[in-house]
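Visitor: Going down the list, the protein sequences come from chains V and U.
Quick note on my numbering: the first sequence kicks off at 1 and runs consecutively.
Quick note on my numbering: the second sequence kicks off at 277 and runs consecutively.
In short, the hints are calculated from the structure, not lab data.
What you were told as hints is all true, and nothing was included just to trick you.
Mimicking SDA-like on lysine to any residue, the simulated pairs with C-alpha atoms at most 25 Å apart in a straight line are:
no., chain 1, residue 1, chain 2, residue 2
1, U, Lys309, V, Gly15
2, U, Lys548, V, Ile251
3, V, Lys9, U, Lys314
4, U, Lys545, V, Leu95
5, V, Lys102, V, Met141
2 protein chains.
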Amino acid sequence: MGGFWFTEKQTENFGITMRINKTLHTEQTEFQKLDMVKTEEWGNMLLLDDMVMTSQKDEFVYHEMVAHVPLFTHPNPETVLVVGGGDGGVIREVLKHPSVKKAVLAEIDGKVIEYSKKYLPEIAGELENERVEVQVGDGFMHIAKSENEYDVIMVDSTEPVGPAVNLFTKGFYAGISKALKEDGIFVAQSDNPWFKSDLIRQVQSDVKEIFPITRLYLANIPTYPSGLWAFTVGSKKHDPLEVSEDRFHDIETKYYTKELHKASFVLPKFVKDLTE
Amino acid sequence: MGGFWFTEKQTENFGITMRINKTLHTEQTEFQKLDMVKTEEWGNMLLLDDMVMTSQKDEFVYHEMVAHVPLFTHPNPETVLVVGGGDGGVIREVLKHPSVKKAVLAEIDGKVIEYSKKYLPEIAGELENERVEVQVGDGFMHIAKSENEYDVIMVDSTEPVGPAVNLFTKGFYAGISKALKEDGIFVAQSDNPWFKSDLIRQVQSDVKEIFPITRLYLANIPTYPSGLWAFTVGSKKHDPLEVSEDRFHDIETKYYTKELHKASFVLPKFVKDLTE
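Please work from the sequences and hints to get the whole structure.
Guide: As structure tokens, this is what we get:
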């Protein structure tokens, strides 16, 4: 077999490595290094600053778990904001909820959208949906100027380096609170508990100061560091642990189920300790 | 920093890679290639045939989840057999249950025991406990000659290559059933659902033919392929999903909790499909 091997150093001393058959596109955008590659194991894959963002084979885990946990928690989500998420995967899942009338995507890097549409069409395809409004711009600024506008906000960012650094600050969570309606809920990807325990602890602590209900849940993403990914929930009123049975309706998924919704909040002891 | 990088190819086209500071021991034993290495990220680590078996930093997940799920399911486990598991980690967890009077370890490769004691003392230390009987020999044969002897059997094997190949056969599960008492329960590591879905499906199907209660549960092990590890349970009488609350007692753990005991059986949709 041909191709070459790409290694993502997930820490200074550990990483994943994979065979790449072909580089489909590479460029330094205004914000980050963008690579779209064809891998043998995971299908087409988007890398930003040499970090795996999403792949055709395992993308469903992240996108389903970001979208469906808050959307089934809220009793009637109509307006939704996705910060980041230019690959379109979260938007695709959001649109599975018929209550959603408008889903706004605020992605800072238009190139992510452009090349996801080209090389990850089954992920990005729904960005053209009429219920979706795509805004290429700074999600932090979008949040800062929004007030009492959204039922659900999802923060689908990169790690807190480069353009995403503002998205891990207390000021940002305060802005999210203001941008949400009075019973709004948000979720943010929060990296992993093996290598980034301090980050998870800090985010939990910051969000707790602003939102009366703060939770952490987990999902297994094999191409992300440690394979175990954390998501922080901040909610003004609705508790993701207390979703009524009749709130769930059938949607087509490969990872999320209504039983897993609740089980994903049951944390291993060493992770639970980070939330206390 | 010095050292070199070791890569485990977990599939033909994907793997993990890590910095190794020092090789502590390497030899071709009678059964397999054994390497004990000092890694920068995970502490001392045991490799067999170039596959990660256990490391000081993440070993607790596997060992706790193999031991405590069946031991809290059984109402009064007194005699326990561990097949494989020469590093001693499962035995250490088994001994946290005061009901256990005798724990037998049947490990085919004495060198695994010898070098685990030397380089992984906090894992292997309890192999010297007076409640433990260490037998260096073929676990398959040990099972074949046992009858109505054990309350709980744990199969802590390598992947189904090399010495472990017999441990993934229907004949072996039939032998386990015979070796168990009338309300006995067993658990076997069953690799991962991303790369080995056919194996999980086959083991579930085989065990179902022999045990009235067959279950699958999951845990996150960052140094194992995909980070998501599966365990198959076969039980004659006691259902791990129906453990009574007063069965749980306090033990010191870093991963297992009584809440996680049940949540670990709640499977992502694509994994649940493998069990049906």
